[in-house]
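A.B. asks: Position chain R relative to chain L; hints supplied.
Taken in order, these protein sequences are the chains called L and R. In terms of my numbering, the first sequence opens at residue -4 and continues consecutively. In terms of my numbering, the second sequence opens at residue 392 and continues consecutively.
Worth flagging that the hints you see were computed from the coordinates, not collected in a lab. Careful, some of the hints might be misleading.
[As the list claims (entries may be wrong)] With the C-beta cut set under 10 Å, the calculated list includes, among others, these residues of chain R facing chain L: (1) R726; (2) P732; (3) T733; (4) A755; (5) V758; (6) Y790; (7) D793; (8) D819; (9) L828; (10) V830; (11) G831; (12) K841; (13) F853.
A quick note: this is a predicted structure, and the numbers were derived from the prediction, not measured. Even for Gly, the Cβ is constructed at its ideal location relative to N, Cα and C.
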Amino acid sequence: MGIKDKVAIVGMGCTRFGERWDAGYEDLIVEAFQEALEDAGMEKEDIEMAWLGTCFEEVFAGKSALPLSVTLKLPFIPVTRVENFCATGSEALRAACYAVASGACEVALALGVEKLKDVGYGGLPEFGAAMGSKNRIIFPNVTAPGAFAMMAVRYFDTYGLSPERGREVLAKISVKSHRNGAKNPKAHLRREIKVEEALGAPIIAWPLGLYDCCGVSDGAAAAIVVRAEKAREYREDPVYVKAMQVATSSGEELLYRWDGCHVETTVRAARRAYQEAGVQDPRRELDLLEVHDCFSITELVTYEDLGISPRGKAAEDVEAGFFELDGEIPCQPDGGLKCFGHPIGASGLRMVYEIYKQLQGKAGPRQLRDPRLGLTHNLGGFPPMSVVSVCLFGLDRG
Amino acid sequence: MVGIASCGVYLPRYRMDRAVLYEAVASWLNPAALLPGERTVANWDEDSLTMGVEAARDCLGEEREGIGAVYFATTTPPYAERMNAAILATALDLGEEVKTADFTGSPAAGLRALLSAFEEAREGKRVLVVASDCRRGRAGSLQEAMYGDAAAAVLVGEERLARLEGFHSLSQDFPDYWRVEGEVFTRSWEDRWIREEGYFKFLRLSVQGLLGKHGLEPSRISRVALPPLFPRDHPRLARELGFSPEQVQPSLFEQVGNAGAAHPLLLLAAALEEVEPGGKVVVAGYGAGSDSLLLTVTGKGGGKVRRALARRKELNSYERYLAWREMMPVEKGLRGEEIAPTSLSLSWRERRAILALVGARCRACGVPQYPPQRVCVACGGTDLEPYRFSDRRGRIFSYTEDMLAFSVNRPAIYGIVDFEGGGRFWFDFTDCEAGELRVGAPVRMSFRRKYVDPVRGIVTYFWKAVPEVGDGDQG
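Just chain L, with the same shape it has in the complex (with noise of 0.2 Å):
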């Protein structure tokens, strides 16, 4: 089962991202959706059905689809609103790719947009009252640096990496991230940055430093989606959906069992979507990586969950340039979350423009050498409390 080549993508936007004090979240709809649409080479009235991908609702413009088919002036179509968390760009994209799938429509829009900068303080906005009443009593007043940073303590503890060590090899990983963000001009954060800087940054959460931790961001990406076979309508090189799967936190990490030191959901994911596009050595098959980097300990386990690096060795891999740009599977060639930002709703969608853009070959002063296979991971929530989405894109129609 699944949807492996029966959708493509064949156009995408995405805005800068940053503190885009400048703009509304209507400018940063506007920006991502009038370049999908150039990119694939429609009018607006093709769109038959829209999907807004859109999490801290409260600081933004309110429930529903209305502040995308207002802003667009859509005319009248079936458009809806999803949110999961940090996964919502993907809920977005997998609601319509499902929609195409299934013969519902032949034309599906996909925008995930995120205006986090009108809060008034850093960080993502206050989680009080998205938790509800009742976990907003029994549970600590939970960051998302916090949450992240008990798996670090706990990988650091069950790997036997003192602190120092631990936090050195977690620095690496965001230096070879603002190496690639440096070169993205719609990256958030473009500088680079050294080891011992990373190190030598304030903690947010032990043992997590300003440098562990993504950037808070404002922007928007879009993707248009058709049947795959009227693909090749639309444009040469268009992007096929090899695999999409989503795994949601049952409660067992939360409640009962959990190691502390990996995300089961992605693992759960990873497993289903290798199994949908029939990869077999994820280590040797795939070409590039776009996973949540929210924190760098999260970038960290998820090399081991996607079974890429095998469990406790991840350092090595990072030690290795594994990841690199240069390296046998580069990991955020556009920068990830830690550089390009993460304004929740769009990130899924993000990471998909790169694999997409990365895969057509116009990924710029980034460019890897002929990827055909790219892997897009998207977390949403606390590692034990958590939705993921793990999605596969190919150049080559199966």
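C.D. replies: Structure of chain R alone, referenced to chain L:
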């Protein structure tokens, strides 16, 4: 006959040397009024109710059966309307057939609640009396230096520790200290008048009245527990009453301070740990007159006061103390000001889960889980029974020190706790500092303020984990 079945005490971990206080407010002080020693300081997430719950747990252990009433005595009730004793009974998971009552209005409330409990116990009931105080004095005031935060609990019923022989009460509208509705700080009349016209006279009347009733000379008393006023008044009072220094229970003024309603119960607990069975103990309280009671010791208490005194950490920042007691405006940041709505109907429906930390255990596979699940997390079964986690100890599975999260006492320290016997959840950690924690360290659960909703005027309580990483934890 009625007596005392068990006692419990709670002292907050933090102690402030009075010299720290005097250094901060030096120029406002009358040098003649300087007091020696240190005082206890409740953490920012503690109040009279949370300390009361801890003292009650110390008193009861895991015992919950057969308690017919709970009395809570304090001059600093968190709620002026909404029964604090009922919150306390819920936190202890005592069930619904418990009579609850708040006693307040004067530090005398502690002993008067105890005397009422003895009367109630004559009808065969076991009554839990909890006295607690967390009083604030204006910066630089005498009260600020005198007061200490503490709680004590006494389970009245069978004579496991002591038998009540009798008591003597004297009630007066003596306006030594007062505070009208809506005021935070206590006012007082001249201290010399309080001492001569109040403290000495009333205590003489009540203690001598008690001894007279029972035809006892002071020499027949093994231990007399008198309330503190100023350091030199305590021995003078004992002397004037005819007691020798070795008969006098140390007042704890230089270790705790004056703990208000809790103080006589605290000294009672201390005396019952030191006096051998057969000995006679007099406990006297001061406030709105004076009350005295006479007990014969029947058993030996378990070193709880000594342990509470040993569990300590010095608080060397007066400013931090002011911030904890909300006496100094502290920057919260926009993040800290974001207050989501609190739902009281939800809190009521989930009261056992929230206030008593009751989760669930699967009847099929036996796995404990928190919060209570409708479907078992281990086997998928749907037949689960209540399971209380508050008395379970745990270990730190992981933790962090979060500088981004709002906390009155940054960084916000929280983590994941694995309970002995099973069950895992995320909790705030309290009574600890950054750098003290490690994976695998033992924790115990403590009832605390979770947050205050200033819009609706709601104090929300929940449980936090206290890492056992400091002085006196292993006592």
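A.B. asks: All hints, please: hold or fail.
C.D. replies: Hints versus structure:
1. R726: holds (5 Å)
2. P732: Because about 7 Å separates R/P732 from the closest Cβ in chain L, which is inside the 10 Å limit, the hint holds.
3. T733: holds (7 Å)
4. A755: violated (14 Å)
5. V758: This hint holds: R/V758 lies near chain L, its Cβ roughly 7 Å from the closest one there, short of 10 Å.
6. Y790: Interface hint status for R/Y790: holds (6 Å vs cutoff 10 Å).
7. D793: This interface hint holds because 4 Å falls under the 10 Å limit.
8. D819: Holds. Min distance 4 Å.
9. L828: holds (9 Å)
10. V830: Check passed: Cβ of R/V830 comes within 4 Å of chain L, closer than 10 Å.
11. G831: holds (8 Å)
12. K841: R/K841 check passes; min Cβ-Cβ to chain L is 6 Å, inside 10 Å.
13. F853: holds (6 Å)
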